[in-house]
Amino acid sequence: MSIKRYGVEGGTGTGGQHLPFARAVEAEVWLYVSGQTPMKNGEVVEGGIVDQSRLAIQNCVDIMTEAGYTLADVVHVKVILTDARYFQSFNKVFREFFGDNRLPASAA
4 MSIKRYGVEG
14 GTGTGGQHLP
24 FARAVEAEVW
34 LYVSGQTPMK
44 NGEVVEGGIV
54 DQSRLAIQNC
64 VDIMTEAGYT
74 LADVVHVKVI
84 LTDARYFQSF
94 NKVFREFFGD
104 NRLPASAA
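Residues in the sequence shown are numbered from 4 upward in steps of one, following my numbering.
The reader is advised that the hints may include incorrect statements.
Unchecked claim - Heads up, simulated DSBU-like pairs for lysine-lysine below, C-alpha to C-alpha not over 30 angstroms straight-line: (1) K43 / K81; (2) K43 / K95; (3) K81 / K7.
Stated by the list, open to error - Pair ranges (Cβ atoms, derived): (4) K95 / A30: 15 to 25 angstroms; (5) N104 / E49: 25 to 35 angstroms; (6) T85 / S5: 16 to 26 angstroms; (7) M4 / R88: 36 to 46 angstroms; (8) V11 / D103: 31 to 41 angstroms; (9) S5 / L84: 29 to 39 angstroms; (10) S92 / K43: 15 to 25 angstroms.
The hints are simulated quantities; they were obtained by calculation from the structure and are not laboratory data. Even glycine gets a Cβ: it sits at the ideal position worked out from N, Cα and C.
Generate coordinates for the entire structure from the input sequences, incorporating the hints supplied.
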């Protein structure tokens, strides 16, 4: 099986810490994207759940694009929110990216 890793050269986490994992790993035709937070330049962005959700999803899109994939290739997502009250706002942003006709399976 062929395996290719993306983003192992030095992802940066909160406080400038080096992240000890790949941003994504491609195994044959599958791309596994590591969990993404609403981070920019190693720090969580200010703002509410809508802006943070947009950035976290965009971070995933950027990784997928680097590996040659698009949102149309997504078959499953896992979402972790810190408060159940955020689901409605998150789902609105989620639909902005996926639309109604390309929704993947999901665990939240």
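Now the hints, each set against the structure:
1. Pair hint K43 plus K81 holds up; C-alpha atoms about 21 angstroms apart against a cutoff of 30 angstroms.
2. Note on K43 and K95: the hinted pairing holds, with a Cα-Cα distance of about 22 angstroms set against a maximum of 30 angstroms.
3. Between the alpha carbons of K81 and K7 the distance comes to roughly 22 angstroms, so the proposed pair stays at or under 30 angstroms and holds.
4. Against the hinted window of 15 to 25 angstroms, the Cβ-Cβ separation of K95 and A30 comes to about 32 angstroms, which falls outside the hint.
5. Our hint of 25 to 35 angstroms for N104 and E49 holds, since their Cβ atoms are close to 33 angstroms apart.
6. Judged by the Cβ atoms, the range 16 to 26 angstroms given for T85 and S5 is violated: they are separated by roughly 37 angstroms.
7. A C-beta distance of roughly 42 angstroms is found between M4 and R88, which places it inside the suggested range of 36 to 46 angstroms.
8. Take V11 and D103: their Cβ atoms lie about 36 angstroms apart, and the range 31 to 41 angstroms holds.
9. Range check, S5 to L84: Cβ separation about 34 angstroms, and the 29 to 39 angstroms hint holds.
10. The hinted range of 15 to 25 angstroms is satisfied by S92 and K43, whose Cβ atoms lie roughly 19 angstroms apart.
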